[in-house]
Amino acid sequence: MRVLVGGGTGFIGTALTQLLKARGHEVTLVSRKPGPDRITWDELATSGLPRCDAVVNLAGENILNPLRRWNETFQKEVLSSRLETTQILARAINKAPQPPQAWVLVTGVAYYQPSLTVEYDEDSPGGDFDFFSNLVTKWEAAARLPGESTRQVVVRSGVVLGRGGGAIGHMLLPFRLGLGGPIGPGHQFFPWIHIRDLAGILTHAVEASHVQGVLNGVAPAPTTTNAEFAKAFGAALSRPAFIPLPSVVVQAVFGRERAIMLLEGQKVVPRRTLATGYQYSFPELGAALKEVVA
1 MRVLVGGGTG FIGTALTQLL KARGHEVTLV SRKPGPDRIT WDELATSGLP
51 RCDAVVNLAG ENILNPLRRW NETFQKEVLS SRLETTQILA RAINKAPQPP
101 QAWVLVTGVA YYQPSLTVEY DEDSPGGDFD FFSNLVTKWE AAARLPGEST
151 RQVVVRSGVV LGRGGGAIGH MLLPFRLGLG GPIGPGHQFF PWIHIRDLAG
201 ILTHAVEASH VQGVLNGVAP APTTTNAEFA KAFGAALSRP AFIPLPSVVV
251 QAVFGRERAI MLLEGQKVVP RRTLATGYQY SFPELGAALK EVVA
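In terms of the UniProt record's numbering, the sequence shown opens at residue 1 and continues consecutively.
Honestly, the hints are just simulated from the structure, not real lab data.
Warning: the hint list may mix true and false statements.
What the hints assert, rightly or not - Simulated DEER-style distance windows between Cβ atoms:
| # | residue 1 | residue 2 | range |
| --- | --- | --- | --- |
| 1 | L145 | D121 | 33 to 43 Å |
| 2 | F74 | K290 | 30 to 40 Å |
| 3 | H187 | G286 | 11 to 21 Å |
| 4 | T137 | K33 | 43 to 53 Å |
| 5 | N94 | N71 | 55 to 65 Å |
| 6 | P222 | L67 | 15 to 25 Å |
| 7 | V248 | L173 | 15 to 25 Å |
| 8 | G164 | R239 | 16 to 26 Å |
| 9 | G164 | P240 | 19 to 29 Å |
| 10 | E61 | R176 | 22 to 32 Å |
| 11 | N134 | L173 | 25 to 35 Å |
What the hints assert, rightly or not - Restricting the straight-line Cα-Cα distance to at most 20 Å, the calculated cross-link-like pairs of lysine to any residue (SDA-like) are:
| # | residue 1 | residue 2 |
| --- | --- | --- |
| 12 | K290 | H170 |
| 13 | K76 | K21 |
| 14 | K76 | M261 |
| 15 | K231 | E257 |
| 16 | K33 | S47 |
| 17 | K95 | Q113 |
| 18 | K231 | E291 |
| 19 | K138 | Q113 |
| 20 | K231 | G186 |
| 21 | K290 | R163 |
| 22 | K95 | G48 |
| 23 | K33 | A45 |
| 24 | K138 | D128 |
| 25 | K290 | G165 |
| 26 | K290 | P240 |
| 27 | K138 | G186 |
| 28 | K21 | D42 |
| 29 | K76 | N65 |
| 30 | K231 | P174 |
| 31 | K21 | A45 |
| 32 | K231 | I168 |
Here the structure is a predicted model, which means the values were calculated and not measured.
All C-beta atoms, glycine included, are put in the ideal place defined by N, C-alpha and C.
Could you build the full structure based on these sequences and the hints that come with them?
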């Protein structure tokens, strides 16, 4: 298949591109900079969709960039980097003389309201209680296509664990030094997924004609709390992991609204993802972390 990937140069995009190519697919990236096997967002907006069988959008400014202050300017960038790219792709698909078979968007589990008791699956309500849940609602709405000619899939991803980027990239040094530990109270849920499985679910969504609607991109392991994650990460590195990062520090670095993403969590299960027949490579946290730090 010919697959067009928006925002494909990042951490998740690189893993997805490698997997798609390994499975014999051709990949074209949409990015800000031109290059081989790439088109720019401007070219896409003016010339329309190149011939392809599937489109995946991963584009979006990193919300948890600790170097950026959580102010109105950055909030607008976070919104526009997701909504505008999604709208450009959805418009191009809609106008294409030969629309692709599949259109896959990656959003996040921030759609579901943090809770210490509620368990969420793909049919659970959400999307209307804070900046991030509203963002997911707008983002998914921007992707919706009229008609039935293209299969539409939304993957709501948890925290992505993998080598050389994502959450692990920020956490590795303090944990290696034995300075890691739970964030804030530690009893909040920590929905996670190994990068190989997120790439796997996206490839499954591209290839399998029966997959449509919302899939939760989280591991099927018994739900993990932040403290359990810290303990398992320390064990994978053979280091202690009991120095908590106080809530006030998290709020000082990220701002109160953004800190919620780290200090509160959701218990999310991939019921529909499993029902589609996807088989996880890393269903358990211990094995996932051992692979990441190996």
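Hint check:
1. L145 - D121: 33 to 43 Å: At 24 Å between Cβs, range violated.
2. F74 - K290: 30 to 40 Å: holds (35 Å)
3. H187 - G286: 11 to 21 Å: Given a distance of about 20 Å, which is inside 11 to 21 Å, the answer is holds.
4. T137 - K33: 43 to 53 Å: Violated: the Cβ-Cβ distance is about 31 Å, outside 43 to 53 Å.
5. N94 - N71: 55 to 65 Å: With a Cβ separation near 34 Å, N94 and N71 fall outside 55 to 65 Å, so the hint is violated.
6. P222 - L67: 15 to 25 Å: Since the Cβ atoms of P222 and L67 sit about 35 Å apart, the hinted range of 15 to 25 Å is violated.
7. V248 - L173: 15 to 25 Å: holds (21 Å)
8. G164 - R239: 16 to 26 Å: Since the Cβ atoms of G164 and R239 sit about 19 Å apart, the hinted range of 16 to 26 Å holds.
9. G164 - P240: 19 to 29 Å: holds (24 Å)
10. E61 - R176: 22 to 32 Å: holds (28 Å)
11. N134 - L173: 25 to 35 Å: Check passed, 33 Å falls within 25 to 35 Å.
12. K290 - H170: holds (17 Å)
13. K76 - K21: violated (34 Å)
14. K76 - M261: Cα-Cα ~18 Å, so holds.
15. K231 - E257: violated (26 Å)
16. K33 - S47: holds (16 Å)
17. K95 - Q113: Violated - the C-alpha atoms of Q113 and K95 are around 36 Å apart, more than 20 Å.
18. K231 - E291: OK: K231 and E291 at ~16 Å, within 20 Å.
19. K138 - Q113: holds (16 Å)
20. K231 - G186: holds (10 Å)
21. K290 - R163: Measuring from Cα to Cα gives roughly 11 Å; hence the hint holds.
22. K95 - G48: holds (8 Å)
23. K33 - A45: Given that 20 Å is the threshold and the Cα spacing comes to 14 Å, the pair holds.
24. K138 - D128: This hinted pair holds, its Cα atoms lying about 10 Å apart.
25. K290 - G165: Holds, at roughly 16 Å.
26. K290 - P240: Distance ~15 Å between K290 and P240 Cα, so the pair holds.
27. K138 - G186: violated (30 Å)
28. K21 - D42: violated (25 Å)
29. K76 - N65: Given that 20 Å is the threshold and the Cα spacing comes to 14 Å, the pair holds.
30. K231 - P174: holds (13 Å)
31. K21 - A45: Between K21 and A45 the Cα gap is close to 26 Å, so the pair fails against 20 Å, i.e. violated.
32. K231 - I168: holds (14 Å)
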